[in-house]
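Engineer: Take the two lone chains and join them into the complex the hints point to.
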Amino acid sequence: MNKKNTFKTFLGEIPRNLFSGFVVSLIALPLGLGLALASGAPPISGIIAAIVGGIVVSLIGGSKVTITGPGNGLVVVILSAITVLGNGDMYQGYLYTLAAIVLSGILLIILGFLRMGALGDFFPSSAIQGMLAAIGIGIFAKQIHVMLGNLEAKGSIVELLIQVPEGIFKFISTDNSSMFYAGLIGVVSLLIMVFYSKIRNRYFQLIPAPMWIVVLSVGLYYYFEMFSATDYPISKSLLIALPNDILSNFAFPDFGKVSQIEFIGAVISITLIASIESLLSIKAVDKLDPLKRRSNVNKDIRALGLATVISGFLGGLNVVTVIARSSVNVNNKGSNRSANFFHALFLVAFVLLFATELRKIPLSALAAILVFTGYKLAAPEKLIKVFNIGSEQLLIFIATLLVTISTSLISGILAGIIITFIIHVIINKNIFLFLKNVLKPNVLMFTEDGKYYVSVKNFSSFLNYTKLKSKLDQIPESQEAIVDFSLCDFVDHSVMENMNNYSETFERKGGHFEVIGLDDSKPGSEHPFALRKILPKHRVPKKGVLTKRQKFIQKISEEMHYSYDAFSDLEMKELPNFGYFKTRKIDKVSNVLTNNDCTIFDVQFSEGEMIAKQVIKATMLHIHTKTKLPKFTLDKEGVFEYILHFSGYKDIDIDAHPDFSKRFYLSGKNEEKIRAFFTDELILFFESNKQYHIEATAVGLLVLSNERVASVKEIKALAYFGASLQKIIEKC
Amino acid sequence: MFNAELIGVHVGKKTDKKEADLHAILAEADALKKPIKTVWQEGEPVQVILKTVVEEQIDLLILGALQKENLLKYYVGSIARKLTRKASCSILLLIKPSIIRQACKHIVVNGLKDNKTEKTIKTAVLFSKQLLCKKMTIVEEISQSELQVKVDDDKSLRKATIVKERLKNREDQRVKNILKAIECEDISIKMQSIFGTRGYSIGHYAKIKRADLLVMNAPTNIGILDRIFPHDIEYILSELPTDVLIVK
Chain C
1 MNKKNTFKTF LGEIPRNLFS GFVVSLIALP LGLGLALASG APPISGIIAA IVGGIVVSLI
61 GGSKVTITGP GNGLVVVILS AITVLGNGDM YQGYLYTLAA IVLSGILLII LGFLRMGALG
121 DFFPSSAIQG MLAAIGIGIF AKQIHVMLGN LEAKGSIVEL LIQVPEGIFK FISTDNSSMF
181 YAGLIGVVSL LIMVFYSKIR NRYFQLIPAP MWIVVLSVGL YYYFEMFSAT DYPISKSLLI
241 ALPNDILSNF AFPDFGKVSQ IEFIGAVISI TLIASIESLL SIKAVDKLDP LKRRSNVNKD
301 IRALGLATVI SGFLGGLNVV TVIARSSVNV NNKGSNRSAN FFHALFLVAF VLLFATELRK
361 IPLSALAAIL VFTGYKLAAP EKLIKVFNIG SEQLLIFIAT LLVTISTSLI SGILAGIIIT
421 FIIHVIINKN IFLFLKNVLK PNVLMFTEDG KYYVSVKNFS SFLNYTKLKS KLDQIPESQE
481 AIVDFSLCDF VDHSVMENMN NYSETFERKG GHFEVIGLDD SKPGSEHPFA LRKILPKHRV
541 PKKGVLTKRQ KFIQKISEEM HYSYDAFSDL EMKELPNFGY FKTRKIDKVS NVLTNNDCTI
601 FDVQFSEGEM IAKQVIKATM LHIHTKTKLP KFTLDKEGVF EYILHFSGYK DIDIDAHPDF
661 SKRFYLSGKN EEKIRAFFTD ELILFFESNK QYHIEATAVG LLVLSNERVA SVKEIKALAY
721 FGASLQKIIE KC
Chain S
1 MFNAELIGVH VGKKTDKKEA DLHAILAEAD ALKKPIKTVW QEGEPVQVIL KTVVEEQIDL
61 LILGALQKEN LLKYYVGSIA RKLTRKASCS ILLLIKPSII RQACKHIVVN GLKDNKTEKT
121 IKTAVLFSKQ LLCKKMTIVE EISQSELQVK VDDDKSLRKA TIVKERLKNR EDQRVKNILK
181 AIECEDISIK MQSIFGTRGY SIGHYAKIKR ADLLVMNAPT NIGILDRIFP HDIEYILSEL
241 PTDVLIVK
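So the protein lines, in turn, are chains C and S.
For the first sequence, this note's numbering assigns the number 1 to the initial residue and increments by one for each residue that follows.
For the second sequence, this note's numbering assigns the number 1 to the initial residue and increments by one for each residue that follows.
Pulled out of the complex, with its shape left as it was, chain S reads as follows (with noise of 0.2 angstroms):
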């Protein structure tokens, strides 16, 4: 798939009994395209990981992650986690790998109005081909405070309800008009806005929809307090609703 090449990256000893390992199970798996490349090394896997990222200039890095945190990791901070917030490429987060792969019915994909989503709606149309999914969903999540009338009575509530509809209008505007640069007639694409926080409603979204694959923006960057005060993507890695494609 994608033609890309492959490299395997292992943090520990060298050791013969897990070289027959591995390649034990890449004897099982499909014939690849592109000799895998394995790189061994010892240290701290997350700044060998990074590194060999910038080293060999990897375009995905493929991870296996938990689906829950708990408290104590969640402030930590798990291997993928760390990786995730801080890799330079895009990642994909896989949370139930399973070795007979399932079709992949239904991609997520956000559709934030911020310079990156054009790209990301693309390598999701991408991955969407590559993979045979026939359905797509941009979720657009329009921020409650945009609404900027607060429900009281029916008098508020109607208008609220008007400036609703105008706001989905819009974003379904723009969406439209990114969507009309890609190649994606195969692909049922259909829109959805979500009023409510960002991050978190696609992840719920994702969740209830039982989507197979959510691909989001990049966060552009995250700091401590983010993880005190979570937003965006923090919230998806919480608690990952499915498996996960960030895009850089």
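So that you can see chain C by itself, here it is in the shape it has in the complex (with noise of 0.2 angstroms):
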């Protein structure tokens, strides 16, 4: 019966995880031939991997909306691997990576098995972000002379770093017009990749940034090709090569350098890479799955073994789970495995139907997506935001880094390791608590009154995180759990921050999570250290400088009778219960005006992650009504509206009021308690006032105009709109 149902809503949900899966074909194209190239494959490996990658892991896998592909963390270890082991062959470095990627698979297969796929748990995170980050400027550095048209540019990542200025000055000054126009289109492929996010256009945003630089390059092609007199400037070399037939031409591993040393390293490189690129992506796109499912990540590790074994075979790169595309899958509305396998079919009809074109696409362009994705991941923010947590932090970040960058990635990461390590037994001036308990079980879980209470004694810090996680993975997230920590004498950031990410899961949830017995531990105490600080989470912000709009909103609170705090640190505790919020992060709340059961307030959330992030910040009504109220949306009735909500509710149509009807498009999931709801009064009101997106949850109403900070008169509007509304709701 319930196999039959769950059947059905799968056959249900096919049309808009189609949509999803084309979306991020269009995605997946461009970055699939990017990441190859950058990898120094050629450019179908990488639509090799994410075809494989999306139909076996759709197939066998254990995540519900991630998208698999070749990852960007991967581009600087197989481009290593491929220049050392072809000692300047490339083709044959490539053939011999291709091996070791065959047997990073077959590992990921085994640890999955071993149930140890995440290996993400057992590093620092800071050594794991500078490690990230190290591997973001190694892409940056490489393809920002790309982007510029020069393809000859070689050396180390810090010599790459340092010929950019020389770089920009050639290209400014270049008779090569073949390389200047690639550096133009380069160029302006980049300020398409950072101006996306900024124009909130429907249409527009429709389809993704990096298929635009697509559709544009080749339509220069073609305007060249028909209307202008003169030859398309750029030379074959600068754009991408296929080979003719596509589908039949694999290129096969060879395993002659399976004994050697570097081939062992670089099979252990891509493998801890891999493990860790998709368990970052799949423990973030959970957070983002608006059906809030669990993902069972070993699974999932097995599923991309497997895949990455198979496209090893056919020629292709390593299959991980990638982040960007799986948040872009969602905010698409994909809603399990299939459309990962449509995104997979539809690369096929690329491939098949579009060789002709994409051989058009100038490499420039598509250098500029990965200067984008490389700059994304060591952004100046991520060292601002390492810097904030703790300077030590910032120590390891950076050390990680620069050993990465001059040496390569395994020593990078151990360093972090060792580092950490040394640090945290500074910072104790005991390094037997270390040693004496490392192996020691030291999490106690039992229920009392039916709360989960988890202990963890002597010390919690990345060497010992996956006992305790072991534990609060066996809690379910809809219930209460406390974590104390008062029997530690430390607790690491890493551990910190991974707490940090089970309270949101259990919010999300429905349940509660807290972490208690860090109260004595406050920064500048005997431990001046943010390891040991409370949750960022609950970081009151400092009092600062009120702004312009702020002083502004004080005055208005005091002429309406409101009450005004800048830097709430208020949680707004209903808001992820409304739909709006389902796929977005909440970040935080501000600029706060509270009158009864009204509340207005800024709030800061955003939606996909990586180079589809975009941080949002918005003004919202919420109003706390008293009587209950049927679940509904009610939005500006318009065509576009109707094609994203093809698979949802249906439009209600009051027919008592057919101007109503028309100019509103009003859902809901129990059509006759809406009808009931929307009284003739309401429906006045909602007419003869400005129209503005509204959601209603049992108990409160979520008001929003626009997707932006609201100016001050606008505040005023809205909560003029909200009073009246609650009072005409009250009278119903």
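Hints were generated in silico from the structure; no laboratory data involved.
Incorrect hints may have been included.
Pairs of lysine-lysine residues, derived as DSSO-like cross-links and limited to a Cα-Cα distance of at most 27 angstroms, are as follows [stated by the list, open to error]:
hint : chain 1 : residue 1 : chain 2 : residue 2
1    : C       : K451      : C       : K436
2    : C       : K299      : S       : K209
3    : S       : K209      : C       : K451
4    : C       : K299      : S       : K155
5    : C       : K436      : S       : K164
6    : C       : K662      : C       : K573
7    : C       : K628      : C       : K382
8    : C       : K429      : S       : K207
9    : S       : K116      : S       : K159
10   : S       : K51       : C       : K451
11   : S       : K113      : C       : K440
12   : C       : K287      : S       : K207
13   : S       : K155      : C       : K292
14   : C       : K467      : S       : K207
15   : C       : K690      : C       : K631
16   : C       : K669      : C       : K636
17   : C       : K451      : C       : K382
18   : C       : K451      : S       : K113
19   : C       : K467      : S       : K209
Quantities reported herein were computed from a predicted structural model and do not represent experimental measurements.
Structural biologist: Below, the structure is given as structure tokens:
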């Protein structure tokens, strides 16, 4: 019975997954080509990885809305493997690297069966951050030259970075028109990537930024071909090379170097990065899943391993879970693994149908996408974020970053671990605390009055985090959990960060997660140490000078008899319940105006992750209603909403008010109750006022106009609207 | 208390000074129902005490102990530990003996699935009656491996939660059966099942709950391997959470 039902929902959700898979494939295509090029492999290898990954992982994987394909973290590793193993012959190196990829896939499968897929849990998080930043810098350093039309730049990461100003100068002063035009396309593409998220036009955003770049650059080619008298100025060497017979021309791995030390090193680093990148992505995507499902990490790692093996044999790159594409999938309402499957199918179709057009894409355009990706991985904000946690974290971060850049990835992460451990020992001035207790089971969990109580003893750091994690994972997220660190002498930053993640997950799923026992370890006390500090989420922001807007808001708050708090540490617990925030992550709430049950606030939230990440600040109004409401959403009627909601609920038309039905798009689950709720008076009110986007849960209303921070005037209007609306609803 | 004969064992030379000291101490203590018998002997402390235990047919050995061992002592073993590991009778380890007797408020007893458990619980009840302790918690430690379900996703989590509930009920039932045979109306007895490593969890629990006495089964046998890969009682011994009574 239940089985049939799930099958029915699966069938019902196929259209939207098909659509979502399509949008994702639009990103996956340029990214796949670009990542492969940046890795020094033939461009098609990235597409092969995405196709194989999409098919295999969607069939046997353990996560729900993730998208798999070639990952950006692996670019640097694979590039160095190809260079080292090939001894100058890139193609031969590529064949050796394919063998390494196959073996790393096998390793991943084994790790998955041993339930150790989550390698990332064994490393300090600042070290991982540093390593990822180093990878970002590696991608950036190499690709910025390609973006400027120069394929010749060679050398280590540091050398490449030093050459950047020279490269820019060369690009401006060049008389080589092919190089200049390629560079121009590259720069324009980069601008598209940067400014894409700033333009919040729905039609424009229907096509993802990387695809705009592809479409525009291919369009440019046809412009020269058909309308312009001059020839296409970019030479063939700066365009993508695809084999003529794409689906029968597979490269086969060469296992000739299996016993060599460089080969083994390559296998280990590929496996390490593949596991870490996949795990981070799976975790991040789980937080975005509107249905709040938990992914089976080890099952997913096994599937990724198998996909990697197959992909390697077909001449493709590693398959990992990728965050940017997955978040695009979630934003486009992908709801199950079939979206990943469809994305692979669309890729096959693209490659077969548009092979000629794909050959027209300049390398510089793809490099621009990667420059942006690299920048995002190593963005200065990350440095600031790490510094805010503590200067010792910055030390770990920078040390890992520098060692990774100057030597290799494995030595980088090892250096990160060692430095972290040394810092921990220095801070505690006690090495025995760690040596004596590292192998002891230090976590106790039991249920008490229906609550889960977890006590941690001795110390809790990245060294023994898996023990804590295995306990916490056994708690259903809809329950109440208390983690007590009062018996701990030391809690490190990796653990604190994970606790914060748990607390977010629990809140999302209706449970409660609390960390106690850290009150007496404030910063500046005996251990002036962020690692023991209370969760960053609860950190009250510093009192600052009010901005002009804040002062105005303060003024009108007095006029309207609202109370105002600019640096509120208030948590809007009701917000995640609204459908609007299902795929959006709330960062913080500030500038709160309250009056009885009405609250106006600025909320900062984010959509998507990585290059698809957009941080949005918006002003909203929340009304806490006393009467029980039916769940509904009310919106401006438009063609576009229709497309977006085609798989959701239908527009409810109210026959007595044709004008209202025409102008508003009303939808919800319980049609009868909604009809009963929308009395004539209420409809008249909506008709005669500004149209807002309104959402209702049982006990609250969320009103917002545009996805941005409102001006003071708009706040006034919003407050007035809210007050009147509240009055009418209370009457009903 | 217990109407038992107290035997003091002193290892070392019998001097007048020491004897005087001892008498002074005893004079301060409450009057005993039976006179104290003091054994004066020279030699290796552990051996001497063990021998005395056998010779005098002692039922309970009371020792003072360090709360935490350092690394060296952990492997070589202090006197108290050695005795605990080797003695043939029950042992009471006191970590903070105080001159004024602190009221014992909460006793934690292990409820392992073991033949000795019944006797241990009986002893614990006897003790709590003597010490006028009103609260007792029987902790059933259930090994994680008994769960047999690994939590990976929502489905396996649900399954694991159900299995846990079932195991908990089974253990509760087992302990209740033991309690039926014991007279313990005036003590409030609670049952708590914990999923975790045996021995360690109960020590941790006792510490969190600030129990005044922990009553444990005696270990079956302990070799050097057990100390390198510690389990059960070794955890408790390496970090005494409170006073511990080991029942043999």
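Engineer: All hints, please: hold or fail.
Structural biologist: To see whether the hints hold, each was checked on the structure:
1. K451(C) / K436(C): It is violated: about 31 angstroms lies between the C-alpha atoms, which goes past 27 angstroms.
2. K299(C) / K209(S): With a Cα-Cα distance of about 39 angstroms, the restraint between K299(C) and K209(S) is violated, given a limit of 27 angstroms.
3. K209(S) / K451(C): OK: K209(S) and K451(C) at ~16 angstroms, within 27 angstroms.
4. K299(C) / K155(S): Holds, at about 13 angstroms.
5. K436(C) / K164(S): violated, 31 angstroms
6. K662(C) / K573(C): violated, 34 angstroms
7. K628(C) / K382(C): violated, 44 angstroms
8. K429(C) / K207(S): Given pair K429(C), K207(S) holds - Cα atoms ~25 angstroms apart, limit 27 angstroms.
9. K116(S) / K159(S): violated, 32 angstroms
10. K51(S) / K451(C): Distance ~50 angstroms between K51(S) and K451(C) Cα, so the pair is violated.
11. K113(S) / K440(C): holds, 23 angstroms
12. K287(C) / K207(S): Violated, at about 36 angstroms.
13. K155(S) / K292(C): Holds: K155(S) and K292(C) sit about 13 angstroms apart, inside 27 angstroms.
14. K467(C) / K207(S): The hint holds at about 19 angstroms.
15. K690(C) / K631(C): Judged against 27 angstroms, a Cα distance of about 21 angstroms means the pair holds.
16. K669(C) / K636(C): holds, 18 angstroms
17. K451(C) / K382(C): violated, 36 angstroms
18. K451(C) / K113(S): Holds: K451(C) and K113(S) sit about 25 angstroms apart, inside 27 angstroms.
19. K467(C) / K209(S): holds, 22 angstroms
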